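Engineer: Chain by chain, the residues:
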Amino acid sequence: MTTSVSPRTASMAQALNSALRDALREDPTVHVLGEDVGALGGVFRITDGLTAEFGPDRCLDTPLAEAGILGTAIGMAMYGLRPVVEMQFDAFAYPALEQLFSHVAKMRNRTAGKLPLPITVRIPYGGGIGGVEHHSDASEAYYTSTPGLHVVTPGTVADAYGLLRASIASDDPVVFLEPKRLYWGKDELDPAAPVEPIGTAVLRRTGTSAVLITYGPSLPVCLAAAEAAKAEGWDLAVLDLRTLVPFDDETVCRVVRSLGRAVVVHEASGFGGTGAEIAARVTERCFHHLAAPVLRVTGFDIPYPPPMLEHHHLPGVDRILDAVARLQWED
Amino acid sequence: MTTSVSPRTASMAQALNSALRDALREDPTVHVLGEDVGALGGVFRITDGLTAEFGPDRCLDTPLAEAGILGTAIGMAMYGLRPVVEMQFDAFAYPALEQLFSHVAKMRNRTAGKLPLPITVRIPYGGGIGGVEHHSDASEAYYTSTPGLHVVTPGTVADAYGLLRASIASDDPVVFLEPKRLYWGKDELDPAAPVEPIGTAVLRRTGTSAVLITYGPSLPVCLAAAEAAKAEGWDLAVLDLRTLVPFDDETVCRVVRSLGRAVVVHEASGFGGTGAEIAARVTERCFHHLAAPVLRVTGFDIPYPPPMLEHHHLPGVDRILDAVARLQWED
Amino acid sequence: MTVLDHRHRTPVPGWMPGATAPRTDPAPLLPDPSPVRLLGTPALEKYEPALLRELYRRLVVGRRYNQQATTLTKQGRLAVYPASTGQEACQVAAALALGEQDWLFPSYRDTLAVVSRGVDPLEALTLLRGSAHTGYDPRASRTAPLCTPLATQAPHAVGLAHAARLRGEPVVALAMLGDGGTSEGDFHEALNFAAVLGAPVVFLVQNNGYAISVPLSAQSAAPSLAHKAVGYGMPGRLVDGNDAPAVHAVLTEAVERARTGGGPTLVEALTYRVEAHTNADDATRYRDEPEVAAWREHDPILLMEHALRELGVLDDDLAQEAADEAEALAARMRAEFHADPELDPMSLFAHVYAEPTAQLREQAAQLAEELAAEAEVSEQ
Amino acid sequence: MTVLDHRHRTPVPGWMPGATAPRTDPAPLLPDPSPVRLLGTPALEKYEPALLRELYRRLVVGRRYNQQATTLTKQGRLAVYPASTGQEACQVAAALALGEQDWLFPSYRDTLAVVSRGVDPLEALTLLRGSAHTGYDPRASRTAPLCTPLATQAPHAVGLAHAARLRGEPVVALAMLGDGGTSEGDFHEALNFAAVLGAPVVFLVQNNGYAISVPLSAQSAAPSLAHKAVGYGMPGRLVDGNDAPAVHAVLTEAVERARTGGGPTLVEALTYRVEAHTNADDATRYRDEPEVAAWREHDPILLMEHALRELGVLDDDLAQEAADEAEALAARMRAEFHADPELDPMSLFAHVYAEPTAQLREQAAQLAEELAAEAEVSEQ
Ligand SMILES: Cc1ncc(C[n+]2csc(CCOP(=O)(O)OP(=O)(O)O)c2C)c(N)n1
Ligand SMILES: Cc1ncc(C[n+]2csc(CCOP(=O)(O)OP(=O)(O)O)c2C)c(N)n1
Ligand SMILES: [Mg+2]
Ligand SMILES: [Mg+2]
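Chains as they are written, first to last, in the working numbering: chain R, 6 to 336; chain U, 6 to 336; chain Z, 265 to 644; chain D, 265 to 644.
Chain R with its partners taken away, still in its complex shape (with noise of 0.2 Å):
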């Protein structure tokens, strides 16, 4: 892919707002449009200075109405348009599920294939940033629990770039997570460097006691705590999906299996979070070479916290610990 910059380090909100600008000069069936996209560059400046560049054709700052939003996005695609929407916060995607579950999930379904839905739904997701009720929903379970669409969710600057890259080039529609607490953290971007595709996890960190399968904005902490664990004697694998939908059995097993111990790690809520699938498809898969159950670290199963509370309800370092802790090492 031609790209707009060289190597060079940038936050995760540059990286994206990057990945937008090349999509749209490479291809000029990508139309960004949203709530508050154009002269302000969106709320977190995702899309800055797009409309300067690209016109409000190409970059759009809709009236305030989500359905509307994402519907509009469906009929543009059936012309043949390849849309990316961005919705503002996780919980004001809401107002947009219907058109999501019932129309851009089945669109393709629905019509043997002749009508594809190639859309890209970005949602900035997940707590951590002090924001007031609304604004911190970790949702991914509502699209991950939906079939007929991917879901993707980066944990880095370079996979931000090269996933939102290929979501926007994928033929099937994208639920496109963004943490939004990893927006401003730099690091080096090669926009050059070849894009992994979707439905590919990466191990993020070896070990050989047990394995953190975590992604998005559980990346960095089950790092710290993999380092945490060194002095409690764990060597900890972190493995970071990446992308949720479709889910890549393959190398999640391969490293369960050698480990034999595996810790889930999200911040949405435990009951019937991502999580869920993940550990029961594991066991599933993995059970004779388990020494322990596959545990959950997540959220507790309640209403995001107001701001000042918020800490205590997303894992952290020793809550991880804490679940590595009772791996059964006895055994």
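Hints were generated in silico from the structure; no laboratory data involved. Values in this document were obtained by computation on a predicted structure and should not be read as measured data. Some clues are possibly wrong.
Straight-line distance between alpha carbons at most 20 Å, and here's what the computed EDC-like set of lysine to aspartate or glutamate pairs gives [unchecked claim]:
1) D/Lys338 to D/Glu591
2) U/Lys119 to D/Glu387
3) R/Lys119 to Z/Glu574
4) Z/Lys310 to Z/Glu574
5) U/Lys119 to D/Asp546
6) R/Lys119 to Z/Glu606
7) R/Lys235 to Z/Glu364
8) D/Lys338 to D/Asp546
9) U/Lys119 to D/Glu626
10) R/Lys119 to Z/Asp608
11) U/Lys119 to D/Glu619
12) R/Lys235 to R/Asp323
13) R/Lys119 to Z/Glu387
14) R/Lys119 to R/Asp176
15) R/Lys119 to Z/Asp384
16) U/Lys119 to D/Asp401
17) U/Lys119 to D/Asp608
18) U/Lys235 to U/Asp323
19) R/Lys119 to Z/Asp401
20) U/Lys119 to D/Glu591
Using the hints, position chains U, Z and D with the ligands against chain R.
Structural biologist: Structure of chains U, Z and D with the ligands alone, referenced to chain R:
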């Protein structure tokens, strides 16, 4: 509770109708609202005769807008009423998901208990009745993964009456999922029988080989599978969860520990389905009692099929027995 | 040039301090107090006899189509059928008002409009037969899938029309809705998007008096549904939905307005659902026969036939031709629907994604095994 | 008698075959072409001086409240604050137009209206401070929680007003929304429900020209937002939102209309968001200073002070009194917000359900253990 009827045989639809009638009679704060719930009695006749008996103030034909219906019910509950909302079909509850997720599930918590919302949202769900697309979704995962909601789903005529009464009486919001394909099945109904509280699973059939864990529309299928299993030499127990949230860990784990083998059965798609949570938590809590992984028999990970193909999608006796056969009996 | 720049030339934020007048004049956006009618008026004479005959022919064929489809439900050949009996004027006028390149966005009740556009009845009815979700090729026919979730097709029409406009292609999208559908949030959001974008789309609301059992009086308190248009800044038109030439004239004007950059229009057609909601519904629970009878006399075909004969553009031969064509269609439907559809269980996995995922391949293999096993058993 | 029978007496389905007129006359439902104004008009003399002074006093206090809250964000004492600076006339008039028993349904921007109703600023601002979702008792104050998901509070207001009416209690609900909020489906559904039910509710849309960065011209193409009312069959009123007596008069009339069975009203108040969307926003990215300057001169307090002094109902003493009260409030806010809030982590589990579930009890125990462990560590 005083009741409108003495013991008799009734269909699940009639039992639900009796429960609504008795609740309306006994509690003046109970109000029913929804689409076509008045003169028509609802498309499934669950509200048959209620407007005739109680008038439009108590059983209201609303305009055709699900977010408006649920949002209006929220306001009514804020004023001290006890609304019972009917969503016409599973997929037609989706327009109301923002109101459900952002308000119904959160209002009590958001107001430190000052504004409880004793709302019952009745949703006919699941397939097996030859409905065209959008009329057969098994949508329970969206509700079970949302903290703040109770999720109840009866599998028998008696529970349909008892659990609906209990749900309406609950001071917490309840998503009451009605297995539409069981609406017309008849059984004994004694409305005077004591009502089991929300949150308790029940063993429908004892067994010594393994347990089928299921709920709602899949209960009769599991009972049939247990019958058929006898020929294969398996004596299967069947556990009816009845309530998905709050989950009855105690009963479920007691049964699983005693048998060491379990299969979770539901018609919703497997990936991210409620069965994943059941398998994951049972494994976490009963790991060393398990002779085999907890397996799942579910619908495929596809949009609900057209009527003429739905029987291929829905878990049937054979598919359940195939799973039971994979419970590693050689061990 | 960018299509949307005009939005940025309009006064921002739209009001100035101490402003004394609305941003635009509402008067032209309001519907005339009484519905547009042509049948039985002198204005009808200005119309192409050929067009009037074409409308008549399609009405007669359309009525027969509705009757035959209803019969097929009784024979179990269709799972369910929401008839447009009594609404044929809206159905055929909608089809006729659109050009080849235009797109139709029908609801579950609008299969006649789809067929009248040229889609084969067998393909148009797979959803209601239960054999497939969508039986026709939406791209080839420029006809979106029959939409069941109410009003959700409205924003699709806006998006498609907007996309065509961005491409500089003179395509118009026509979305068909019911009176009940206007209560849904998606209706509101779609009309607002259409007006703000200036999208070439026409919203046709067939006000047939009921949403299943709920009468309009319990659905809306508006003077008319067409009065909703001014709230979006688009013209609202009110037309007698049983007057085929009137519906055709109003729609054609709206379509041309859209095509020439005039933006969207909301059209309310006053009609009546003469049959029950579907064959599964029991209308006697919520409405009286006299009401239905009154509307049966205001039948779109009777009104049309009477007016055209008076005008001298319709004679017995033409009427017979139409009747014959109608019978031919009915015969073809009977024949086609008598045969059982070909069903492929493996198709369940073929189009969920561009490529089946590893999980779907596993699941497809499982089903294939099961089917093979069943086949074996049944062979023995 | 049942409240809702009227709906069943209206003609069903609302139109008769060949009908020639809308069901109701739209004219009275349309807003006057120019916004209602009182300041600087002779009509002002008819107003109670006491009421005018009360409005003035609340405006002055309200402005100071906005300034102090904004300052608190700079000091990190509030997480975020969406100021209603420039919109004080709408905020205080809304509070004053309601009676004790009436309910207010505010948005995140309407904390001044909440405070002006009598809720303590510390309690009104917990959401924006980040210490608790809702700091006040909605039942005791008849004030719903500050609503963030746009327009979702509108149907709540309808339901509450409807419930009160069913109980025969003369309660009116006032829902406050922004111009952007009118684009949401929930706005549409709520207004339609209100009109169909005849619920005693008033919808106040503060059209402050922007939804964050999006100007009204990109939000709606309507002549005015008040023109949406006719599409629901309720009256729409247009008022200068910076003219406090005018807003108060229009709202009071609508509230009384609702209270006496006249049904809902939509009021559009033309005002301007003088500050950025919140302290976190950068308005220079999307609007120019001259535009803001023009509105600063149309300031609700300047306009009010000028008019009242001309009328001779305001003198320096009164102005000083108001200024003193404003300072006293600001001082109290500084003091109260300087202290750190009391936070109880275990409260996270206390109100999810009436009774914590077994799972929540387990999770609470886990957190309690963690906190105890931390405490131990920090003691060492
Ligand atoms: C979102 C949604 N809610 C409910 C339904 C169930 N439903 C199907 S048709 C119908 C009535 C629609 O009435 P109207 O819009 O007037 O169209 P008509 O059937 O009269 O043509 C309802 C409630 C649906 N299809 N979609
Ligand atoms: C459903 C929903 N979508 C998006 C948002 C994010 N958001 C918060 S305020 C705002 C702008 C609202 O503008 P307006 O309704 O005019 O009110 P104002 O802020 O001007 O008072 C947006 C888009 C939200 N809170 N809710
Ligand atoms: Mg209708
Ligand atoms: Mg605004």
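Engineer: All hints are to be evaluated individually against the structure, with a verdict given for each.
Structural biologist: A quick look at each hint next to the structure:
1. D/Lys338 to D/Glu591: holds, 19 Å
2. U/Lys119 to D/Glu387: Satisfied, since the Cα-Cα distance of roughly 14 Å is no more than 20 Å.
3. R/Lys119 to Z/Glu574: violated, 47 Å
4. Z/Lys310 to Z/Glu574: Holds, at about 14 Å.
5. U/Lys119 to D/Asp546: violated, 36 Å
6. R/Lys119 to Z/Glu606: holds, 19 Å
7. R/Lys235 to Z/Glu364: Not OK: R/Lys235 and Z/Glu364 at ~70 Å, beyond 20 Å, violated.
8. D/Lys338 to D/Asp546: holds, 15 Å
9. U/Lys119 to D/Glu626: violated, 24 Å
10. R/Lys119 to Z/Asp608: Between R/Lys119 and Z/Asp608 the Cα gap is close to 17 Å, so the pair holds against 20 Å.
11. U/Lys119 to D/Glu619: holds, 14 Å
12. R/Lys235 to R/Asp323: holds, 13 Å
13. R/Lys119 to Z/Glu387: It holds: about 14 Å lies between the C-alpha atoms, which stays within 20 Å.
14. R/Lys119 to R/Asp176: Holds, at roughly 12 Å.
15. R/Lys119 to Z/Asp384: Roughly 17 Å between the alpha carbons, so the hint for R/Lys119 and Z/Asp384 holds.
16. U/Lys119 to D/Asp401: Answer holds: U/Lys119 to D/Asp401 is near 6 Å, not above 20 Å.
17. U/Lys119 to D/Asp608: holds, 17 Å
18. U/Lys235 to U/Asp323: holds, 13 Å
19. R/Lys119 to Z/Asp401: Holds - the C-alpha atoms of Z/Asp401 and R/Lys119 are around 6 Å apart, at most 20 Å.
20. U/Lys119 to D/Glu591: Distance ~32 Å between U/Lys119 and D/Glu591 Cα, so the pair is violated.
Checked against the numbered hints above, the structure breaks hints 3, 5, 7, 9, 20 and satisfies the rest.
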